[in-house]
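Student: Sequence:
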Amino acid sequence: MPQHTRGRLTRYSPSRLLTGTAAAALLLSACSDSTEPAGDQTPAEGGELIIAAVAEPENVTEPVVDGSLAGYNYYYNVFDRLTMFDAEGQMQPELATEWEPNEDFTEWTYTIRDDVTFHDGEELTVDDVIFTYNEVLNSTDSSVTGYLNVLDTVEAGEEENTLIFTLNTSFSAFPSLTTAVSIVPEHVYSELGSEEFAQQPVGSGPFQFVSYTRGVEYVIERNEDYWGGAPSLERVTFQTVSDQDARLNGVISGSVDLGQISPNQVGAVADDPNIVIESVTSNGVVFLGVNTGAEGLDDPLVRQAIIHAVDRESIVENVLTGGGLANGQIVAQSVGGYDDSVQLPAYDPELAEQLLAEADYQGETITLEYATDGRIPLSTEVAQAIQGYLTAVGISVEMSGMDQSTLSNRVSATQDLRGLFLNTWAPSTMDGDMPATNFFCGGSNDYTHDETACGLVEAQREVDEQERTDVFGELAELNIEQGFIMPLYSPDNIYAANPNLDWQPRADGLFVLKDASLTE
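Per mature numbering (1 follows the signal peptide of the UniProt record, and there is no 0): the sequence shown = residues -24 to -1, 1 to 496.
The hints are simulated quantities; they were obtained by calculation from the structure and are not laboratory data. Take these hints with a grain of salt, some might be off.
Derived CB-CB ranges, DEER-like [stated by the list, open to error]:
| # | residue 1 | residue 2 | range |
| --- | --- | --- | --- |
| 1 | 96 | 276 | 58 to 68 Å |
| 2 | 115 | 326 | 36 to 46 Å |
| 3 | 115 | 74 | 45 to 55 Å |
| 4 | 117 | 379 | 21 to 31 Å |
Using 20 Å as the maximum straight-line C-alpha spacing, the simulated EDC-like pairs for lysine to aspartate or glutamate come out as follows [what the hints assert, rightly or not]:
| # | residue 1 | residue 2 |
| --- | --- | --- |
| 5 | 490 | 103 |
| 6 | 490 | 91 |
| 7 | 490 | 200 |
| 8 | 490 | 201 |
| 9 | 490 | 62 |
| 10 | 490 | 64 |
| 11 | 490 | 134 |
| 12 | 490 | 478 |
| 13 | 490 | 274 |
| 14 | 490 | 24 |
Note that the Cβ used here is the ideal one computed from N, Cα and C, for glycine as well.
Using the sequences and the hints given, assemble the complete structure.
Tutor: Below is the structure:
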């Protein structure tokens, strides 16, 4: 089973913070983590937790069709999966008790628990698991289907409580994909269909559905009969609060117990004894994508110059006020495929200037496209910092800001990006296969069409554990040499919380609450 290292858990202190003005000034001149115990507080049985969630699913709110991060916040509490990652990023059994591949990783045999019941009291069986996977596979509008493109069939095994997944290719990290599929009851889902099931979902998880009001809240309550033991919290309400200032103000006022915030908000409450600021390095990577066919970027020497012109660590410390971790690989430290032996590309503006001279760069304007809202906190400030670094070594940069949906469409649908683009990728499965495929082997960010890179992506699917990490290391080194994609940093997931809340932030950004409690 794949093992991953947890991202660093941080509590912020005022001494780590810089004002936006100070950070900007430092960039224009471009040219101690700890975890604290909760003290003597003891968990109190019950209580209602109110979370200010960044978003809700855009479409139907049920786990066969919806694979959004916003939706997984609900589904990871109401439903179970065969496996899941814990807060430390390690694979754990959930409904499955064990799993085993055949010799070439094209067939996987799973054994499931025999003591699980759905919220309506009906037993969860192998048939429910098979039904769920087939529903996802056969759906024409499910965003979960993309996780299962390696899956051919799933059927019951000869032994009791076993099932067999047959793949269409070797894939040694297949168990990571089973963390993405929440199991639904066949007898309910087949009768109601997707839309009605979303209005009255039935799962087997530690919490059960109470109500959902689109644009307002999603409410769940404790499942007293949960096979893993009833959770401490009696009720959880996810309020949809898209505005980051409103999320923080909710925690300040006490109307909300927990909300994700941006790095530049930390200073406002760093000294407030009624708020705890916690963070963990996320499973995502913010990167500079490159259209390697664009004028000025078709020369690998120019791309190498850009790699060495940007000071990743300074961006993290001064733009993000320490809210991230500089990263030169396409996956975060907590994600399968990260290779500790690969060195972060050096910040070396003199080398960048030499490389530009060797390339005979004549000042061609290179466009930098970025979203002014959306998935990357402080995206405009990060883009401006990058512009400053590139300008300092003599690269002419034209800035082009737009909304997130427009940028996403240009990246994934039309693929007509003019030069550089600031983007991010965070695999919910905590594994590097999906981003590697996306960047180097036919995905929406693949502007390289490089046979060697794609060959390495395919090779990592056929080997296990350390060998697989070694292949990812080769891919990372090739990417640094060629400048296909320019990873910058892994941002922190940062939260403002009620100090009476005992919970654990996760690299994947999900609120998994079966072990959370309110203290007294």
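Student: Given the hint that residue 490 pairs with residue 201, does the C-alpha gap stay at or below 20 Å?
Tutor: Between residue 490 and residue 201 the Cα gap is close to 13 Å, so the pair holds against 20 Å.
Student: With a cut-off of 20 Å on the C-alpha distance, tell me whether residue 490 and residue 62 pass.
Tutor: 11 Å, holds
Student: Given the hint of 21 to 31 Å, check if residue 117 and residue 379 actually sit that far apart at their C-beta atoms.
Tutor: Since residue 117 and residue 379 have Cβ atoms about 24 Å apart, the given range 21 to 31 Å holds.
Student: For the pair supplied as a hint, residue 490 and residue 64, confirm whether the alpha-carbon distance does not exceed 20 Å.
Tutor: Judged against 20 Å, a Cα distance of about 15 Å means the pair holds.
Student: Please work out if residue 490 and residue 91 have their alpha carbons no farther apart than 20 Å.
Tutor: OK: residue 490 and residue 91 at ~18 Å, within 20 Å.
Student: Does residue 490 pair with residue 103 here, judged by a C-alpha cut-off of 20 Å?
Tutor: Not satisfied, since the Cα-Cα distance of roughly 26 Å exceeds 20 Å.
Student: Cβ-Cβ distance between residue 96 and residue 276: within 58 to 68 Å?
Tutor: 60 Å, holds
Student: Do residue 115 and residue 74 keep their Cβ atoms within the hinted range of 45 to 55 Å?
Tutor: Given a distance of about 28 Å, which is not inside 45 to 55 Å, the answer is violated.
Student: Taking only the CA atoms, is the gap from residue 490 to residue 134 under or equal to 20 Å?
Tutor: Violated: residue 490 and residue 134 sit about 33 Å apart, past 20 Å.
Student: For residue 490 and residue 24, compute the direct alpha-carbon distance and say whether it is at most 20 Å.
Tutor: With a Cα-Cα distance of about 13 Å, the restraint between residue 490 and residue 24 holds, given a limit of 20 Å.
Student: If you check the beta carbons of residue 115 and residue 326, does the distance land in 36 to 46 Å?
Tutor: This hint is violated: roughly 54 Å between Cβ atoms.
Student: Quickly compare the C-alpha distance for residue 490 and residue 274 to 20 Å and report which way the hint goes.
Tutor: Roughly 51 Å between the alpha carbons, so the hint for residue 490 and residue 274 is violated.
In the structure shown, a violation is registered for the earlier hints numbered 2, 3, 5, 11, 13, in ascending order.
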